[in-house]
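> The chain contents come next:
Protein chains: 2
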Amino acid sequence: MVEETIYFGRFISAPQPDELLIRTGAVLVNRNDGKGVIKKADWTVTSSSDAASKFGVEAPVVVAKDSGFFFPGFIDTHIHAPQHPNVGIFGKSTLLDWLTTYTFPLESSLGNVNSPMYKDAVSPPDPLARAKAVYNRVISRTLANGTTTASYYATIHVDATNLLADITFARGQRAYIGRVCMDRPEMCPDYYRDESTEQTIANTKASIAHCKSLDASGELVAHIVTPRFAPSCLPQTLTQLGELAKEEGLRIQTHISENLNEVKLVKELFPDQSSYADVYDHHGLLTPKTILAHAVHLSKEEMRLVKAKKSKISHCPNSNSALGSGLCPVRELLDEGIEVGLGTDVSGGYSASILDAVRNACIVSRHVGFLHDGDSRYNVGVAEGLWLATMGGAKVVGMEGRLGGFEEGMLWDVQEIALGEVESDGQGEDLEVDIFGWESWENRVAKWVWNGDDRNVRRVWVGGRLVHETR
Amino acid sequence: MVEETIYFGRFISAPQPDELLIRTGAVLVNRNDGKGVIKKADWTVTSSSDAASKFGVEAPVVVAKDSGFFFPGFIDTHIHAPQHPNVGIFGKSTLLDWLTTYTFPLESSLGNVNSPMYKDAVSPPDPLARAKAVYNRVISRTLANGTTTASYYATIHVDATNLLADITFARGQRAYIGRVCMDRPEMCPDYYRDESTEQTIANTKASIAHCKSLDASGELVAHIVTPRFAPSCLPQTLTQLGELAKEEGLRIQTHISENLNEVKLVKELFPDQSSYADVYDHHGLLTPKTILAHAVHLSKEEMRLVKAKKSKISHCPNSNSALGSGLCPVRELLDEGIEVGLGTDVSGGYSASILDAVRNACIVSRHVGFLHDGDSRYNVGVAEGLWLATMGGAKVVGMEGRLGGFEEGMLWDVQEIALGEVESDGQGEDLEVDIFGWESWENRVAKWVWNGDDRNVRRVWVGGRLVHETR
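Top line first, the protein sequences correspond to chains A and B.
Here my numbering is used: the first residue of the first sequence is 33, the next is one more, and so on.
Here my numbering is used: the first residue of the second sequence is 33, the next is one more, and so on.
It should be emphasised that the hints constitute simulated quantities derived from the structure, not laboratory data.
From a predicted model like this one, the values you see are computed outputs, not experimental measurements.
Among the hints, erroneous ones may be present.
All copies of an identical chain are treated as equivalent in the list; a pair is satisfied when it fits inside any one copy or across any two copies.
Claimed, not checked - Pairs of lysine-lysine, DSS-like flavour, derived with a Cα cap of 30 angstroms:
#, residue 1, residue 2
1, Lys67, Lys278
2, Lys124, Lys427
3, Lys339, Lys321
4, Lys151, Lys97
5, Lys97, Lys164
6, Lys71, Lys97
7, Lys124, Lys339
8, Lys86, Lys97
One chain only, chain A, in its complex shape (with noise of 0.2 angstroms):
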């Protein structure tokens, strides 16, 4: 059967770095092949109830509010699902000390009953209950914060890492998911690693093989090979991670030059490779399905060598921040033609919203500049932030021409934005951004982008299927 569906509105996209597209019109979605893709779009209509006559079809129209806009669904390429109830809980730490003070501990309780954060357990731990709840709360916070798609670190836990796959698929959020490996004995703790290079190979297996049972085409939820980074792996586990990722057709995702001590632990470990980004394509993973997280203190060299194999960047700038990693020079990265996205990084980073990451991006992008005599050519505004969480993310995650706008033929994953209405005695909605009636449209994005939050966020869209909706 057909299943037909128009949107009626405004609708704002950022099609290119420094241009917001505000266009008001209807677009048709079909969803008669279960996918939710724009068939047509009609930027001449001016009501909803013209809408239907225009595209010739009978077929329910959704209204956006007229205080309100369709934006394209946000894009997370970056985000640990099991470390959401640590978001805020970093003191004064850095990465390393960070992933085994706060972050392995929590990790490891979501599949192991013998870790650290069970020592004083009254009652019998159960690690899936607990995984169930994180989940199920990380996917809720991503989806009202307008996520659609996000690419995933579960845990080493196969179990739990289904359990992931499980619930995004069962609530309709796009998700690459990823059973984190790390095996390299002196960089792991003991209740937090996989055994060998065997088991990390069987149990990577194990969690493709689910996620093609839930979706063989892909295209909702797949697999997402994922290496933690160069130092948790051996070295023939990172090998042979590329060569499965090559043989399944899979994305890889990993971590680079977050923190100038990880770096420095890299340079020591493989001390045959000329740099971080060389160790990762001398084991074949650097590739163009490649998402390298941070890329905070690369070289001009390692810059080359990733543009040149196609791998692709999450710029987290949040977590980057919180944890003192470092300012990511995003428009070098830019002008040396490699693709970036962004990614909130939880719970290195301490926001599940990429509206956040579009903010922090902003505000990193003008310290860069401080580092160089405040040169504002270092500048991310606001239309190329949000160039970043939309059409940026599709490209980091493969899904470029699918994702990011509202052009036919690109899937329906949407948001729809509602911004407060100030009355003329000052009171207004119970909504984040003000609305006094004046500014323009594009002052009404700069002032969403800064000020707005989840409860902006009144609908959310996955393939055509209404993922969330506000109370």
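Since the structure of chain A is provided, determine the placement of chain B on it from the hints.
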């Protein structure tokens, strides 16, 4: 009639820069003098029903949610009330062009029918009606975010400034109200400046008189003498404003060293003074009652002058990042012994939330460290950020010992914070901050600081009066 109220529950405060004080118990607040002061505190009370008998009184008991706590109200030491509609609207501008492009047009529209903002008006503009809407809205926002005391800049207009005083007074927020002084012709637009020193002084006196008519004690609302910043005032105006503040015993607020081009401009306009700080000192404006906003680029010599004169500094990290002003070295200011509080600096800052200022103070301090080879001694952590927002702010606004804590004799200027509780299935309350139940209270506070917003502010009191409650 004596009016007493007991507050029972968890009380958290930051009495020292590196100390979170977490107590349960009860306090008795006496409002018979109309001021709402803590008469007694008892940290041995363990149930709400025992509280009254412990104090030997009959009084209603207000109980904080078990998942939450009482926290001292925030003090916003620098906020421009009329600029609230422009939050998030700054593009890629920096201070001086931001003022002329965005700020002067908006501010002028609150009192001047010839404001550029009305050039396309179809009906006759009503500036005071606009002021009423804007001021009611910004006070709703600050109260909802737990700001119990604010030091406001208004506009140059006496009527609109007095209206701001009326509204804060009626709604019960503790406020300093500054009529903005700017009369140097070549530095101010024709449509938005006082005509002469005489007019500046006369209009300021009119606002002083109005504030006194509302509150002769100056405890809830008081005028604060407000030369916008050195470049905007004639030199004799600066001098006369300093004299007026001294005669009237009033506080002073202005801006200092926010942006490098501004610093250069001050040097050009005041060639006989050795520094920006010296300009204020020379004109009698550097006093123990002076609040200097920003102080991003002070020399060591200027810091010592500020310290010697016991003037205070309002640190506005959000604004400094948004407008690309620079990274304020808060640690150096504190090490010099200068008293520092936090400001939102709406709308250079894009948020009316002091909790956001706490977050940004932490982040900016990390970035300052990046300028010093990643030195962690520059770090401001959660407890210190909260201390700046409460105890630090109390010193800056001259209320040390009366605001910022729960000791006997302190004013009941308090916010009740509620955190979200996640259920075992991952469902949870529609509140920011997900508490899973295993977190320590220190970590819950960290989660609140990094993820909280106005939804977590359940109730707000000023001087014992309930001035905000979430629906």
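> Hint by hint, note whether the structure agrees.
Each hint tested on the structure:
1. Lys67 with Lys278: Classified as within: same-chain Cα gap 26 angstroms, cross-chain 72 angstroms, threshold 30 angstroms.
2. Lys124 with Lys427: between (34 angstroms within a copy, 26 angstroms between copies)
3. Lys339 with Lys321: within (12 angstroms within a copy, 57 angstroms between copies)
4. Lys151 with Lys97: The answer is between: 29 angstroms across copies meets 30 angstroms, while 51 angstroms in one copy does not.
5. Lys97 with Lys164: between (35 angstroms within a copy, 27 angstroms between copies)
6. Lys71 with Lys97: Answer is within; shortest intra-copy Cα gap is 23 angstroms, inter-copy 51 angstroms.
7. Lys124 with Lys339: Answer is between: at 28 angstroms across copies they meet the 30 angstroms cutoff, but 34 angstroms inside does not.
8. Lys86 with Lys97: Within one copy, since 21 angstroms is at most 30 angstroms while 55 angstroms is not.
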